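Line order of the protein sequences matches chains A and B. Heads up, the first sequence stops at 425 in the working numbering, and the numbers go up one at a time, no gaps. Heads up, the second sequence stops at 425 in the working numbering, and the numbers go up one at a time, no gaps.
In short, the hints are calculated from the structure, not lab data. Predicted model, so just to flag it, every value in this text is computed and none were measured. In this text, a Cβ means the ideal position worked out from N, Cα and C, and glycines have one as well. Honestly, I wouldn't trust all of these hints.
List time: in silico DSBU-like cross-link candidates among lysine-lysine, alpha-carbon distance up to 35 Å [as the list claims (entries may be wrong)]:
| # | chain 1 | residue 1 | chain 2 | residue 2 |
| --- | --- | --- | --- | --- |
| 1 | B | K384 | A | K98 |
| 2 | A | K15 | A | K102 |
| 3 | A | K27 | B | K15 |
| 4 | B | K83 | B | K27 |
| 5 | B | K384 | B | K369 |
| 6 | A | K57 | A | K255 |
| 7 | A | K74 | B | K384 |
| 8 | A | K323 | A | K157 |
| 9 | B | K98 | A | K384 |
| 10 | B | K28 | A | K28 |
| 11 | B | K129 | B | K102 |
| 12 | A | K15 | B | K384 |
| 13 | B | K384 | A | K83 |
| 14 | B | K15 | B | K57 |
| 15 | A | K28 | A | K98 |
| 16 | B | K27 | B | K102 |
| 17 | B | K102 | A | K384 |
| 18 | B | K27 | A | K102 |
| 19 | A | K323 | A | K255 |
| 20 | A | K57 | B | K157 |
| 21 | A | K157 | B | K129 |
| 22 | A | K28 | A | K255 |
| 23 | B | K157 | A | K384 |
| 24 | A | K255 | B | K83 |
| 25 | B | K28 | B | K98 |
| 26 | B | K83 | B | K102 |
| 27 | A | K384 | B | K15 |
| 28 | A | K157 | B | K28 |
| 29 | A | K384 | B | K28 |
| 30 | B | K369 | A | K57 |
| 31 | B | K15 | B | K255 |
Where chain A lies over chain B, by a calculated footprint (3+ residues, C-beta under 8 Å) [stated by the list, open to error]:
| # | region |
| --- | --- |
| 32 | 81-93 |
| 33 | 134-140 |
| 34 | 193-201 |
With the Cβ distance kept under 7 Å, some of the chain B side facing chain A (calculated, not the full set) [claimed, not checked]:
| # | residue |
| --- | --- |
| 35 | K154 |
| 36 | E217 |
| 37 | L302 |
| 38 | G312 |
| 39 | H357 |
| 40 | P388 |
2 protein chains.
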Amino acid sequence: MRTMIQEINEEKEVTVSGWIHRIKKLKAVVFVILKDRTGYIQLAMDPNTFGHLKLETVISATGTVVSGANKYGQFEIQVKSLSVLSEVTEDLPIKINGKTLDIGLDTMLNNRVLSLRHEQESAIFKIQAVISQSFKSFLITRDFTEIHSPKLVKEGAEGGSNVFSLDYFGDVAYLAQSPQFYKQMMVISGLERVFEVGSVFRAESHSTVRHLNEYVSMDLEMGFIESEEELMILETELLRHIFSEITHRCSKELACLEIELPIIPEVIPTMRLDEATALLNRIHDKELEGDLDPESEILIYQHMFELTGSEFLFLTHYPKKKRPMYAMPDGNETRSFDLLFRGLEITTGGLRIHHYQQLVDSMIEKGLNPVQYESYLEAFKYGVPPHGGLAIGLERLTAKILNMENIRRTTLFPRDRNRLTP
Amino acid sequence: MRTMIQEINEEKEVTVSGWIHRIKKLKAVVFVILKDRTGYIQLAMDPNTFGHLKLETVISATGTVVSGANKYGQFEIQVKSLSVLSEVTEDLPIKINGKTLDIGLDTMLNNRVLSLRHEQESAIFKIQAVISQSFKSFLITRDFTEIHSPKLVKEGAEGGSNVFSLDYFGDVAYLAQSPQFYKQMMVISGLERVFEVGSVFRAESHSTVRHLNEYVSMDLEMGFIESEEELMILETELLRHIFSEITHRCSKELACLEIELPIIPEVIPTMRLDEATALLNRIHDKELEGDLDPESEILIYQHMFELTGSEFLFLTHYPKKKRPMYAMPDGNETRSFDLLFRGLEITTGGLRIHHYQQLVDSMIEKGLNPVQYESYLEAFKYGVPPHGGLAIGLERLTAKILNMENIRRTTLFPRDRNRLTP
Chain A
4 MRTMIQEINE EKEVTVSGWI HRIKKLKAVV FVILKDRTGY IQLAMDPNTF
54 GHLKLETVIS ATGTVVSGAN KYGQFEIQVK SLSVLSEVTE DLPIKINGKT
104 LDIGLDTMLN NRVLSLRHEQ ESAIFKIQAV ISQSFKSFLI TRDFTEIHSP
154 KLVKEGAEGG SNVFSLDYFG DVAYLAQSPQ FYKQMMVISG LERVFEVGSV
204 FRAESHSTVR HLNEYVSMDL EMGFIESEEE LMILETELLR HIFSEITHRC
254 SKELACLEIE LPIIPEVIPT MRLDEATALL NRIHDKELEG DLDPESEILI
304 YQHMFELTGS EFLFLTHYPK KKRPMYAMPD GNETRSFDLL FRGLEITTGG
354 LRIHHYQQLV DSMIEKGLNP VQYESYLEAF KYGVPPHGGL AIGLERLTAK
404 ILNMENIRRT TLFPRDRNRL TP
Chain B
4 MRTMIQEINE EKEVTVSGWI HRIKKLKAVV FVILKDRTGY IQLAMDPNTF
54 GHLKLETVIS ATGTVVSGAN KYGQFEIQVK SLSVLSEVTE DLPIKINGKT
104 LDIGLDTMLN NRVLSLRHEQ ESAIFKIQAV ISQSFKSFLI TRDFTEIHSP
154 KLVKEGAEGG SNVFSLDYFG DVAYLAQSPQ FYKQMMVISG LERVFEVGSV
204 FRAESHSTVR HLNEYVSMDL EMGFIESEEE LMILETELLR HIFSEITHRC
254 SKELACLEIE LPIIPEVIPT MRLDEATALL NRIHDKELEG DLDPESEILI
304 YQHMFELTGS EFLFLTHYPK KKRPMYAMPD GNETRSFDLL FRGLEITTGG
354 LRIHHYQQLV DSMIEKGLNP VQYESYLEAF KYGVPPHGGL AIGLERLTAK
404 ILNMENIRRT TLFPRDRNRL TP
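Between the sequences and the hints, there should be enough to build the whole structure, so can you do that?
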């Protein structure tokens, strides 16, 4: 019966299993640091028992626990017997038992399985798992229903050219760019409040630190709301819940990454987009119109951080021409918002059009053919509550929480135009 | 401020919002049954206030709650003012306010949004949401980490021809048939225990009641196990947790669908596959060899149900030629299993090969080229714990729990060769 390393707390015989993390050979004894998913422990064994094992070999060792502080804890195991569960058959391509993992991003991603053996790398994904779980658990307490919408679709959600297409039994199918249409349809179906955490696909050929061709979108949509402010308040509370869960469940991982979570203000500052562009044009000699480029998002964040101390900023009232056809218009603007976190857009959200004819007119105004959105439009003929929603990019949120520049760091197996393996 | 219908419990003024479910016009009064996601309530209003509204119109009504039992509850609202949030602009294509939804499957799926307005249809997906949530919550208590693996892949998991392919910036990508390789790699990375609930894709052109081209797979994989029995015990406990959560959180939905959950025995009966085939060949004049066809799965279920009273049955020791290359062999058999629930396979699982050379040999034996699995194989060079796992089809499990024949009933937007919309 295997004992988990972190559960070892008294002097008795145990069997532990894991990977050989470090080896120190002396004349009469070999010290092995063994790791499993719960931690590290020092094993002391006879050189003959140890043989010629390599780092990262998977072993199972039985022995007696003895008290005695060492670098890895308050106990050591004096090993009586050892069995090898799996050999290492080639030299390790990267060194993974240092304090930090000193390799470039490409090397890290090419060796993803090995690089995750480093505690700081696996900590990222343990925190990410808590982020997506707490997104869901918060919304369940608010009576949202989880849905699973199709990723193979006929009607692209966002239009445009950045969509992957494939042969589907002689027909053409697309990979969903978002669950936008389906989450709206589920609000309209009477579920009222729905969420989904799932993969979405964008055939964007440019390569940046903030874009991937496949990512995990955390989407929500809710009916019977009157303003986009309700969504912004909901997201503020949602983020507070997520941060609280990370704090409580990931203290070890946060310490390992040397991360302190930012404070979410009671009310996240809000700025109209045209105020932001005017400000940037004035103080940074920008020539922005209707949207911010990535550099401007950082500048406006820095400006607002100095003014308010908030690392979050809602930008509102985006112009119609910068928003999709389903965005609820208000003159030439829309009732929509972005949320910037440390200067990166992590959310787009807003109210949606809920009248059939207004939606048809909006499609035509955007140069889209309503016939191509037939099954989506059909849902708008039979009673549609006013509604809205938002989406949070899981990898982006993880990256900004952990102060990482490139979202490839916070994606297990990132997909960009140059990377389809591992 | 909107009051949810199920929260109305005293005589005071409230505003409710929802869909008009039924209308009964008398000379001096119109009775409207209003529904929101929480229930139904009777509204009484002046015919002039009501006007000429149609079924399914979305309204908001303010009035005084009065006690008085009626078909829909203990209260009625006497409406003072009413506003229309969204008109119905076309005749309803299906009747959705009867006790049951008397339409064929195709009509139901073509009108998915409207058909979900029927309480019995939305109940299916509220139960399904609890199934996937309780799959996750159980595994989190067992220290599993949730992962998100890529759906765009270069190395197909299962081999064979049933894979969708697409152009990926001039390269060829495939849609993942399962997260098999990635969940194994994450065990090997040191996470040890991982799970994923996500979309998978199968380009199977045949159309049956139990196959779809896209479905939700609930996958788990765990390291440091010694036998497939550990997985079978884990799945038994997992299913017991899922059923318990459904019982506690979905009593309304179960009642609405007139469903009683089956009892999961302390130990689910187990039978070797060759025993099952021999039995069927003997008592049903079958000529089975090495696997069961769908009819045989039902026959063996019925046989075992009569013998043991169990609606679940594990079949074990599948022959190598019927299992993928990563299945752990044991002579000509494998250390793998299927779980049948009411005669339908809802799970395939088992131990995996964890030695590099054995895996290469197994690929070659299957006629596969190891070069095409390079990034997967790479992970097996640097210390691999013995491991195994299983997958449960979410739609299949939902269908069998709810006694539904066709898994299209338990898929929001099913995808088959004839259905890519809505």
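Going down the list of hints, with the structure as the test:
1. Note on K384 of chain B and K98 of chain A: the hinted pairing holds, with a Cα-Cα distance of about 15 Å set against a maximum of 35 Å.
2. For the proposed pair K15 of chain A and K102 of chain A, the alpha carbon gap of about 31 Å is at most 35 Å, so the pair holds.
3. Using a Cα cut-off of 35 Å, the hinted pair K27 of chain A and K15 of chain B is violated, with the two alpha carbons roughly 77 Å apart.
4. Simply put, K83 of chain B and K27 of chain B have alpha-carbon atoms about 18 Å apart, close enough for the 35 Å limit, and the pair holds.
5. Using a Cα cut-off of 35 Å, the hinted pair K384 of chain B and K369 of chain B holds, with the two alpha carbons roughly 21 Å apart.
6. Restraint check for K57 of chain A and K255 of chain A: the C-alpha separation of about 28 Å stays at or below 35 Å, so the hint holds.
7. At most 35 Å may separate the alpha-carbon atoms for a hinted pair to count; K74 of chain A and K384 of chain B meet this at roughly 29 Å.
8. Between K323 of chain A and K157 of chain A the alpha-carbon distance is near 25 Å, which keeps this suggested pair within the 35 Å criterion.
9. Among the hinted pairs, K98 of chain B with K384 of chain A is consistent with the structure: their alpha-carbon atoms are about 15 Å apart, no more than 35 Å.
10. Restraint check for K28 of chain B and K28 of chain A: not satisfied, since their Cα atoms lie roughly 91 Å apart, outside the 35 Å limit.
11. Between K129 of chain B and K102 of chain B the CA atoms are separated by roughly 19 Å; this keeps the pair inside 35 Å, and the hint holds.
12. Pair hint K15 of chain A plus K384 of chain B holds up; C-alpha atoms about 34 Å apart against a cutoff of 35 Å.
13. Restraint check for K384 of chain B and K83 of chain A: the C-alpha separation of about 27 Å stays at or below 35 Å, so the hint holds.
14. Of the supplied pair hints, the one linking K15 of chain B and K57 of chain B holds, its CA atoms being roughly 27 Å apart against a limit of 35 Å.
15. At most 35 Å may separate the alpha-carbon atoms for a hinted pair to count; K28 of chain A and K98 of chain A meet this at roughly 19 Å.
16. As the CA atoms of K27 of chain B and K102 of chain B are separated by approximately 17 Å, the hinted pair is consistent with the 35 Å bound.
17. Under the criterion of a C-alpha separation no larger than 35 Å, the hint pairing K102 of chain B with K384 of chain A is consistent with the structure, at around 23 Å.
18. Distance restraint check for K27 of chain B and K102 of chain A: the Cα-Cα separation of roughly 74 Å exceeds the 35 Å cut-off, and the hinted pair is therefore not satisfied.
19. Taken as a hint, the K323 of chain A and K255 of chain A pair is broken in the structure, with Cα atoms around 45 Å apart against an allowance of 35 Å.
20. At roughly 31 Å between alpha-carbon atoms, K57 of chain A and K157 of chain B fall within 35 Å of each other, so this suggested pair holds.
21. Simply put, K157 of chain A and K129 of chain B have alpha-carbon atoms about 26 Å apart, close enough for the 35 Å limit, and the pair holds.
22. Note on K28 of chain A and K255 of chain A: the hinted pairing holds, with a Cα-Cα distance of about 30 Å set against a maximum of 35 Å.
23. A hinted pair counts as satisfied when its Cα atoms are at most 35 Å apart, and K157 of chain B with K384 of chain A does not qualify at roughly 42 Å.
24. Note on K255 of chain A and K83 of chain B: the hinted pairing is violated, with a Cα-Cα distance of about 58 Å set against a maximum of 35 Å.
25. In summary, the hint linking K28 of chain B to K98 of chain B is supported, as the alpha carbons are separated by about 19 Å, within the 35 Å threshold.
26. A C-alpha spacing of about 30 Å is found between K83 of chain B and K102 of chain B, which places the hinted pair at or below 35 Å, so the restraint holds.
27. Between K384 of chain A and K15 of chain B the alpha-carbon distance is near 34 Å, which keeps this suggested pair within the 35 Å criterion.
28. Straight-line distance between C-alpha atoms of K157 of chain A and K28 of chain B comes to about 42 Å, which puts the hinted pair past the 35 Å bound.
29. Between K384 of chain A and K28 of chain B the alpha-carbon distance is near 24 Å, which keeps this suggested pair within the 35 Å criterion.
30. Among the hinted pairs, K369 of chain B with K57 of chain A is consistent with the structure: their alpha-carbon atoms are about 32 Å apart, no more than 35 Å.
31. Between the alpha carbons of K15 of chain B and K255 of chain B the distance comes to roughly 26 Å, so the proposed pair stays at or under 35 Å and holds.
32. Note: the region 81-93 of chain B has 6 residues with beta-carbon separation from chain A under 8 Å; the three-residue rule is met and the coverage holds.
33. Only when three residues or more bring their CB closer than 8 Å to a CB of chain A does the claim for the region 134-140 of chain B stand; here the count is 3, and the claim holds.
34. Residues of the region 193-201 of chain B with a Cβ under 8 Å from some Cβ of chain A number 5, which satisfies the need for three, so the listed coverage holds.
35. Contact between K154 of chain B and chain A, as hinted, is supported at the beta carbon level, the nearest pair being about 5 Å apart and thus within 7 Å.
36. Here the hint on E217 of chain B is kept, as its CB sits about 5 Å from the closest CB of chain A, short of 7 Å.
37. Among the interface hints, the one on L302 of chain B is violated; its C-beta lies about 32 Å from the nearest C-beta in chain A, farther than the 7 Å criterion.
38. For the restraint placing G312 of chain B at the interface with chain A, the shortest Cβ-Cβ distance is roughly 33 Å, beyond the 7 Å limit, so the hint is violated.
39. Hint on H357 of chain B holds. Least Cβ distance to chain A is approximately 6 Å, under the 7 Å limit.
40. Restraint check, P388 of chain B versus chain A: the minimum CB separation of about 5 Å is within 7 Å; hint holds.
Checked against the numbered hints listed earlier, the structure breaks hints 3, 10, 18, 19, 23, 24, 28, 37 and 38; every other hint is satisfied.
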